[in-house]
Amino acid sequence: MVKPPGDQRATRAPTVLMLAPVLMVVVGLFGAGLGAAFLESIGAEGANPAWTPTAEHYLAVLRDREFRAALGLTFWIATATTLVSTVLGIALALILVGLVRGRQTAYVLLQVPLGIPHLAIAVGFVTLLAPSGWVARGMFALGLIGAPSDFPALVYDGYGIGIILAYVVKEAPFVAVVSSALLLRLDEEYLSVARTLGASSWQQFRHVTWPLIAPGVASAALMVFAFVFAAFDTPFLLGRPYPSMLSVVAQRRYLSIELADRPVALAMALIMTALAASVVWAYVRMPGSSLGRERPAVF
Amino acid sequence: MTLRRVTIVCCAVTLISTACRSEPDAKRAALTAEAFARAEWSQVLDQARGSTVSFAMWAGDGARNSFFQGTVARAVATELGVTLRMIPVVEPADVVNKLLNEQRAGRVDQGTIDLVWINGENFRTARQAGVLWGPFAERLPNIRYYDPSDRRADFGTPTEGYEAPWEYAQFVFAYDAARMAAPPSRLPDLKAWIQAHPGRFTYPAIPDFTGSAFIRHVLLHASGAPRAAFDAGFDEALYARASAAAIDWLREVRPSLWRQGETYPATPADLNRLFVNGEIDFSMDYNPAFASDRIARGEFPATVRTMVLDEGTLTNYSFLAIPFNAANRAGAVAVTNYLLSPAHAFSRMREMGGVFPLMLEPLSPAERQTLASLAAGPATLPLEVLTQHRIREADVQYLLRFERDWRREILER
Amino acid sequence: MHRSRVSRLATIAGLTGLGCLAVGPLGLLVVNSVGRHWYWPALLPQEWSLRAWRYVASPEAGLIDALATSLMIALVVATLSVMVALPAGRALALHHVRYRRALVFVLLLPVLAPPLAATMGLHAVFLRLGLADSLAGVLLVHLVPAVPYATLMLAGSFANFDPLWESQARTLGAGSWSMWTRVTLPAVMPGIAVAAAFAFMISWSQYLLTLLIGGGRVITLPLFLVGFVRSGDEAVGAAVSLLFIAPTIVLFTVVARLLRET
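Protein chains in written order, with the numbering used here: chain A, 1 to 299; chain B, 1 to 413; chain C, 1 to 262.
Worth flagging that the hints you see were computed from the coordinates, not collected in a lab. Take the hints with a grain of salt, since some may be wrong.
Said to hold, decoys possible - Cβ-Cβ distance ranges computed for the label pairs, FRET-style:
id	chain 1	residue 1	chain 2	residue 2	range
1	B	404	A	201	55 to 61 Å
2	C	57	B	34	44 to 50 Å
3	B	366	A	51	58 to 64 Å
4	B	404	A	144	55 to 61 Å
5	C	175	A	282	45 to 51 Å
6	B	144	A	45	47 to 53 Å
Predicted model, so just to flag it, every value in this text is computed and none were measured. From the three backbone atoms N, C-alpha and C, an ideal C-beta is built for every residue, glycine too.
Hey, can you work out the whole structure from these sequences and the hints?
Right, here's the structure in full:
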């Protein structure tokens, strides 16, 4: 069915009224919160009216070696998680859609990890993948390793493998759910035309399926990236003290007993926000990105 | 155009209402420090009777939570007529930050936390920010059970009556007697042991409280400087000497640590996990009864024992403080007094094990009898041994500087 | 065909692997919560004990109360989020909105920002508004991370909704209410269910926001969970984790079954 372009309203409610509550929450509350954090990060001290704006806290952050190391690690983990989750999620969706029997069951099963909060997954992962964890003990029982030190470092390692895996367990099903919804809505006609023209499975995917689902998948991938970039629980439990992800570094600074570290922690959090925001802004501005189009297709 | 206008209006409305201050809730006249100083103790008790005290304390231990919400709550209700409410807290710094926000917003009374369990470093921050109420500690009848020198300063920060000492903490190491018959008990011997057993020792990374305590021992003992030298405030020259020796010590053992010292466990939970699973041979904690506790709940094998260093291990007290905007100050003061009493100390030892925190001289003969009858846990060192090897914390400046140096020299290479 | 059998085996192996990775930690949490003395290299604990669960169920622990509080808050937040996000999602998807990209970007900000960024500021704002240390404040502040997610999901749902259906209903004489309940809502019900589920989960998992804005008056499960996990009482930490997981798994399974029927 071809949808006519332009304004699609069937209700007479004005747009702004419909958007107002959400805007009040997001812009009003969150914006005020962010604004207050910004003020403190440039030197405001609440009770003290006589303060001058200063960039010293931001400079302190940028000069901090730990911050730079954390920046690299955070981008690496967020990117790796997003890529793996996206590829795996699409693969899972394709399998799901291709199933004839048991598709419903598989669909329900796929959503189970989505129902487990990240904190709980991280807790479980420590018991599962630590050098003295259950998988290692299984391998010991099978005679594959001799001691915990022989087990590869999957948690507390320098590349964040444990963190990435713990995120993928939830994010891949997320991408899979989004992708399968998109796949199921695909018009079969395109694919049958391609098949008639002699296209192989891979060609069908690459030239027909992928361009049609890409915008929606990209939105989901973006949300995954943004979430992993800023989340705290998983890297705190599964990561190394150095280098840590940015959220852990900022948290450590905030909990520091030095009062002077508080504005630095806030500056760090705001820099993180700005970084993630610029990635998203760049994506939104890309031509053809679903978020920039008239019709966002997240689901 | 309309959208932009509406957005601006929304923001303006929210920001304007934000700028308006909320009415302070003046239900109960808050007890001022001066009034407290003048009041009779019975008057304070009367004011506390029938009220609720919200106590913010660390809630990560099931046995402890049960003890406070059960036995202690009942005792406080019976003796003082006060309802005790526990507020779970993970980091004392969270509470300090909350108080700081409230202070900046001008919320000077009707605060939701009446009593807070606090430790030295956070006390200093709280005092600097001025978010504590007091002085009150020296006016408590039961303060006489505590050694004056323990009451005077906390990590070198003068308490000035703004916090009352409460539970006794002394750093101990734990080891499995089934695996190790004679653990090294002097710092140089420990170093030799670590180097002879690569990968079998580690400590939690700073800023964990326990890990920080461990490296402080190295700071205080490695250079051979007498402990008394650290008591005279912060001495830059002494620090330079001690930290150089300590950094050398830590750097020299690093290749022999677990994971070659490339990473460290982040929390005591992680450290204990390594310990019970046989990856490392030592654990450590500030609570001298921590091994007995864990044996009781089935985490440690029954053969685990604790030890202290011959050179001494750090002791400090955990303290109780009252936020500047506490709604129920009389109640908080009354509850604090109860928590300092021998009755409470005995009931705590009975239910949770631990070490007796009070001085022996002010105890009555009957109370001394009770103390003698209480058995310490199987893995807890006797009080005499602990007392013989106790050393007090040095000025908090040493801690702050050395933590920073550790991160720079050891962790970040 | 040989290739399809191989690909089927690969499929099964891959799904099993992922399934183990997802379910394994859960199983371990269960075992951890009832085990005593579980050391390397034992695959199962030496002894079994209900100490952790007895503690969790005890009134002194306050965990059941915290669970109830968390549940109530999350349900209210989910409901409010959907109510607020429905018109906004529809407007975003179907109406002509100038600065749409800026709007989507602004909606993404609470999702992108680390919890620390706005939390301190939100606490200050709520203190001024007189909403700190109150249940109402906690409900309101949980909306901040939940509403953007819900809005974007509903926008996606509405993007596939054709308003022509509504016009047709009107032409056939349906009033506004019938049109909503018989045409619009059923069409976006999947999106509503998912948005509500995610909003529930976001509120369910909040720690710092509840700690600061609740001020100790509002005690939810994450406040306890974080402490137990870091402390090392593994059995109790595992039991509380399971308590923490149970409602959300049930919720998502129910939503998944609801969705497959549409």
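Each hint tested on the structure:
Restraint check, residue 404/B to residue 201/A: a C-beta distance of roughly 59 Å satisfies the suggested window 55 to 61 Å. With their beta carbons about 47 Å apart, residue 57/C and residue 34/B fall inside the hinted range of 44 to 50 Å. Checked against the hint of 58 to 64 Å, the C-beta distance between residue 366/B and residue 51/A comes to roughly 60 Å, which is consistent with it. The hinted range of 55 to 61 Å is not satisfied by residue 404/B and residue 144/A, whose Cβ atoms lie roughly 43 Å apart.
For residue 175/C paired with residue 282/A, a C-beta distance near 46 Å keeps the hint of 45 to 51 Å intact. Take residue 144/B and residue 45/A: their Cβ atoms lie about 40 Å apart, and the range 47 to 53 Å is violated.
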